[in-house]
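Protein chains in written order, with my numbering: chain A, 1101 to 1389; chain B, 175 to 469.
Please note that a few of the clues may not be correct.
[To be verified] When the alpha-carbon atoms are kept at most 30 Å apart in a straight line, the in silico DSSO-like pairs for lysine-lysine are as follows: (1) Lys1215/A - Lys176/B; (2) Lys178/B - Lys1215/A; (3) Lys1279/A - Lys178/B; (4) Lys458/B - Lys1215/A; (5) Lys1279/A - Lys1305/A; (6) Lys356/B - Lys1120/A; (7) Lys272/B - Lys1121/A; (8) Lys1121/A - Lys356/B; (9) Lys176/B - Lys1279/A; (10) Lys1215/A - Lys1305/A.
[To be verified] To be clear about the criterion: a stretch of chain B counts as covered by chain A if any three or more of its residues have a C-beta under 8 Å from a C-beta of chain A, and this derived list gives those stretches: (11) 202-208; (12) 224-238; (13) 430-442.
Simulated from the structure, these hints should not be mistaken for lab results.
Note that beta-carbon positions come from the ideal geometry of N, C-alpha and C, so glycine has one too.
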Amino acid sequence: MEGLRVPIKKEIATAGNRFKKLILPHLVLSAIGLLFLFPFIWLILSSLKTPQEIFQIPPTFWPQEPRWDNYIRTFEAMPFFRYTLNTIFLCTVNIVGQLIASPLTAYSLSRIEWKGRRFVFGIIIATMILPPQVTMIPVYIIFAQLGWVNTYIPLTIGAFFGSAFNIFLLRQFMMGIPKELSEAARIDGASEIRIYLQIIYPLLKPPLAAIAIFTFVGVWNDFMGPLIYLNDDRLWTITLGLQGFLSQHGAQWELLMAAGVIFTLPSVIIYFIGQKKFIEAGASLTSFK
Amino acid sequence: MKKKQQDFWLGLAFASPFITGFLFLTVIPFVQSFYFSFTEYDIFTDAKWVGFDNYIRIFQDENFYKALGNTFFMAFIAVPISLLVSLLIALLLNMKVKGIALYRTVYYLPTVIPGVAGSILWLWIFNPEMGILNTVLRYLHLPDPAWLMDPAFTKPSLIIMGLFGSGGGALIYLAALQGIPKDFYEAASIDGANWWHKFYAIILPALSPVTLFQLIMGLIGAFQIFTESVILTGGALGGPDQSLLFYAVYLYNEAFVNLNMGYASALAWILFVIVMLITVVIFKSSLRWVYYGGE
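The following block holds chain B by itself, in its conformation from the complex (with noise of 0.2 Å):
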C-alpha cells in the first residue's frame, strides 16, 4: 500500500513538467477562450460580456464562409490528392531496382525546404510573366494561368506545391509497405491473383492504418494552413478574390491585426468543434475500413 503511494508521487513528479505547461498553456486558456468568445476583447480596455453576439455575427459574417470553403476545399481534396500521391510515390520505392536509396533520399529532399523560403521560390516560379512555369507552358503551346494572381488557380497552385512534399507522407508509406510479409503475396500468386488484386486485398488493408494516421495529421495541418497564405499572397489578406483566406489566416487577423480577440476565440471555438466532428466521424469510420493485422 505504502509502495503504491509512493508510485503515485513519484509518478505525478516525473510528469509534472508536462502537467504544469499542460494547465498554464492549455487548461486555463482552454477555459479562458470559451469565455472571451463570449466578449469583446481589444487587450487594452476589459473584456465586456456580449453574450451570444460573436457567435450571430459569424453566421452572418461572408469572410467566415470564404475561409470554411477554402479550408474545407484544402482538407477534402487537396489531402486525398497528397494521400494518393504519395502512395503512388511508395509503390515505386518500394521496387527492387539498384539505387533505390538514393531515389528515396530525392524524393524526400524537397520536404527540407523551410515553408517560407519554398513559398518565396513557389511565388516566383508561378510568376506569370517571368516564372519558369508558364516559360515551359508557352514553349509546349499549353494554356499559361495567371496561377497566384487568378482566384481560379490559387488553389491548385497551392495542391502543385504540396505534392513536392509528397515525399514524406511516401516514406511513411513505405515503411508500412516493407512491413508486409513476402509470404502474403507468395500465397495470393498461388491462387492466381494479379498485381491489381494483390492491391486491392494485400496492400490496401495493410495500409489502411497508416492511411488513417496520415488522413487525420493532413485534416489537423490543413486547418492550420497559414505560412503559404500569407507569404504568397504578400500581405494583402487572402489573396484575389480571398481565394486564400484560411480559416487560421482569417483568425490570426482577427486577433492579433484587427485586435478582435473575442470575435478570434469564437471563430477558434468553432475550429475547435469542427476539427473535433471530423476527428470522431473519421475515427467512428474508420471501424469499417481500417486493419489491424491480428486483432
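So that you can see chain A by itself, here it is in the shape it has in the complex (with noise of 0.2 Å):
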C-alpha cells in the first residue's frame, strides 16, 4: 500500500506543478493581453457597423452585416485623403530635418574635444525638463510677427535645429564608437566634415532609424501644433481633421472609427518593422551617464 501511494501523490503533485508552471502564466497573460488587445478590436469592430446598428441598445460584438464601405464612405465625408497627404508632407520635413541638425550637434558633444561642450549638454539636458508652455506664447507672437502663421514653417523649423531627445540619444551611442576610428582618418589628412559625413554617420543607421520612427510618430500623433498654428482646414492634418469632424458629425461614429483604424494603420506597422529599434532605443534613453 504505501508503495503505491507514493506515485499517485508524485503524479499528482507534477500535475500540480506543471499546471502552476506551464498553464497558470499562459492563463494569466493571455487574459490580460486579451484586455490590452480590447481597445483595438473595438476600434476595428465599430468601423464595421451599420449607423443602426452602432447606436443598438445593447451594443452587439460583431457587427451582424460588416459594412466595408465605411471606410469609403470616410474618405467621402472629410476630405481625409488630404489631411493624410498633409500629415505625410510634415512628418517627412521632420524627419529629414531631424536627421540632419542632430547628429552634427550630438557629434560635437561627443567627439570633438572643445571647451563648453560639457555646458551646452547641460543646457539640452535642463531643456528636456523645461515645459514647452514657457516658450510657446512668444514663439507664437515671434512667428505671427513673421508672418508664418497658418504655414507649415512653425511645424517644421524645429526640426531643423535638432531636439534635445534626440540629440541625447545620439550623443549616448556615438560615445561608443572608438576614437581610434577617427583618429586614424584624422592622421591620413581627413577633413572633420569628411570623418563625420563618411566615418561617423554611416555607424549611426541604428539609433537614425530611431530617431525617424520617433519623429514620425510625434509629428503624425502631434495635435496641439497644428492646432495653434494652422487655421485654414486646407492644411489641416489628420489630428485636426479627426477633431473638426468630430465636432461637426459627431454621431457618426462608425465612420470616427474607420477613419481611426486608418488613422492608427501607420504607427502599428511601424512597430512592428522597427520592435526591436523601439526597444532598445527606449532602454538605451534610461541609462543616464
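Dock chain to chain to rebuild the complex, using the hints, since each chain is given by itself in its own frame.
Have a look at this one:
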C-alpha cells in the first residue's frame, strides 16, 4: 500500500506543478493580453457597423453585416486624403530636419574635444525638463510677426535645430564608437566634416532609424502644434480633421472609427517593423551616464 | 594651443544647429515670456505693462486652483498608479514561458494608438448608454457610472485610459529587469530568501534608476495633459464641473482662445516654477532611494 501511494502522490504533485509552471502563466498572460487588445478590437469592430447597429442598445459585439464601405464613406465624408497627404508631408520634412541637425550636434558633444561642450550638454538636459508652455507664447508671437501662422514653417523649422531628446540619444550612441576610428582618418589628413560624413554618419543607422520612427510618430500624433498654427482647413492634419469631424458630425461614430483605424495603421506597421529598435532605443535612453 | 582653438570653433560649428535653435526658440522666448507675464497683451495692440497684476489675479482665479488641483491629481495619483501597473506587467513579461515575445508585442500595442484616435475611441467605449463598458457592467450587475459625464468619474476614466499605455513603461522596466545578474538571485536563494525578499532587496533597488527616470518623465507628462482633455470634453472647456480642466488646457485657452497672452505667460511661469521645484525635490530625494550599481 505504501509503495503504491507514493508514485500517485508524486504524479498529482507534478500535475499540480505543471499547471503552476506551464498553464497558469499562460492563463494570466493571455487574459491580460486580451484586455490589452480590446481597444484595438473594439475600434475595428465598431468601424464595420451600420449607423443603425452602432446605436443599438445593448451594443452588439460582432458587426451583424460588416460594412466595409464605411472606409470609403470616410473619405467622402471629410477630406481625409488631403489630411493624410498634409500629415505625411509634415512628417517627412521633420524627419529630414532631425536626421540632419541632431547628429551634427551630437557629434560635437561626443567626438570633438572643445571647451563648452559640457555646458551645451547641460543645457540640452535642462531643456528636456523645461515645460514647452513657457516658451510657447513668445514663439507664437515671433512666428505671427514673421507672417508664418497658417503655414507649415512653425511646424517644421524646429526639426532643423535638432531636438534635445534625439541629440542625447545620438550622443550616448556616439560615445561608444572607438576614437581610433576617427584618429586614423585624421592622421591621413581627412577633414572633420569628411570624418563625420564618411565614417561616423554611416555607423549611426540604428539610432537614426529609431529617431526617424520617433519623429514620424510624434508628428503624426501631434495635436497641439497644428491646433495652434493651422487655421485654414485645407492645411489641416489628420488629428485636426478628426477633431473637426467629431465636433461637427459627432454622431457618425462608425466613420470616426474607420478613420481611427486608418489613422492608427501606420503606427502599428511601423511598430512591427521597428519593434526591436524601439525597445533598444527606449532602453538606452534610461541609462543616464 | 592652436589645435585647442581650432577644436573650439569646430565644436561650436557642429553644435550650431542646436545652439541657434536654443537661442531663438528657447532663450529669447524664455526672457520674453517673463516680460509678457507683467503685461496685458492681445497680440493686436501693444503689450501694456501692468506690474504684478497678472500674478495677483492668478491667486484669486478659481480656474487656476481647479486646473492646478486636477493636474496635481494626475501627477501624484495617476502617475504612481501607472508606474506600479507598469512594474507588475514587467514582472509578468519577465517570466520564462513560451511565446513571451508575442505577449510583449500585444501588451505594447495599445500605446501605438494615436492620442486623438484613442480619445475618440474611449469616448465611445465610455458612452453611458451605448458604450460597451457599461453594457458589460450592467450585465454583471455592477454599478454603471456615467464616466465622462460625471465629474466624480472623469479622472478615473482618464486613469483607466492611461493604464492601457502601461506597456510602454513595462518595456523599460523589463529591460532593467533583464539586466539584473542571475547570481544575485542565486546568492539570495542560498541565503534562504523568499520571493518577497528577492523583490524587496534585489529587484526594487535595481529598478530604482529606471523608476526615477519614469517618475520624472511621467510627472512632466502629467503637466502637459492636453489632447485627451480637449477631445474627451468635446470643446466644452474642462468638461463636467471642470473636472478635466488641466493646467496646459487652461493655459492654452487663455493664450489662444481668449488672447490673454500676458495672463497666460504668468500662468506659464508659475508652471515653470512648480515643475522645477518638483524636479529638484525628486532629484534630491532620489539620493536616498535610487541605487546605482557599483557607485
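Outcome of the hint check:
1. For the hint pairing lysine 1215/A with lysine 176/B, the CA-to-CA distance comes to about 13 Å; that is within 30 Å, so the pair holds.
2. At roughly 8 Å between alpha-carbon atoms, lysine 178/B and lysine 1215/A fall within 30 Å of each other, so this suggested pair holds.
3. Taking the CA atoms of lysine 1279/A and lysine 178/B, the gap is about 18 Å. The hint holds against a cut of 30 Å.
4. Simply put, lysine 458/B and lysine 1215/A have alpha-carbon atoms about 29 Å apart, close enough for the 30 Å limit, and the pair holds.
5. Distance check on the hinted pair: lysine 1279/A and lysine 1305/A sit about 18 Å apart at the alpha-carbon level, within 30 Å; holds.
6. In summary, the hint linking lysine 356/B to lysine 1120/A is supported, as the alpha carbons are separated by about 22 Å, within the 30 Å threshold.
7. A distance of roughly 11 Å separates the Cα atoms of lysine 272/B and lysine 1121/A; the hinted pair therefore holds under the 30 Å criterion.
8. Annotation: proposed proximity of lysine 1121/A to lysine 356/B holds, straight-line Cα distance about 19 Å (limit 30 Å).
9. Restraint check: the Cα-Cα separation between lysine 176/B and lysine 1279/A comes to about 21 Å, which is no more than 30 Å; the hinted pair holds.
10. For the hint pairing lysine 1215/A with lysine 1305/A, the CA-to-CA distance comes to about 28 Å; that is within 30 Å, so the pair holds.
11. A stretch counts as covered by a chain when three or more of its residues have a beta carbon under 8 Å from one of that chain; for the stretch 202-208 of chain B and chain A the count is 5, and the coverage holds.
12. Residue count for the stretch 224-238 of chain B with a Cβ under 8 Å from a Cβ of chain A: 0. That is fewer than the three needed, and the coverage hint is violated.
13. Figure legend: the stretch 430-442 of chain B, annotated as covered by chain A; annotation consistent (6 residues with Cβ-Cβ distances under 8 Å, at least 3 required).
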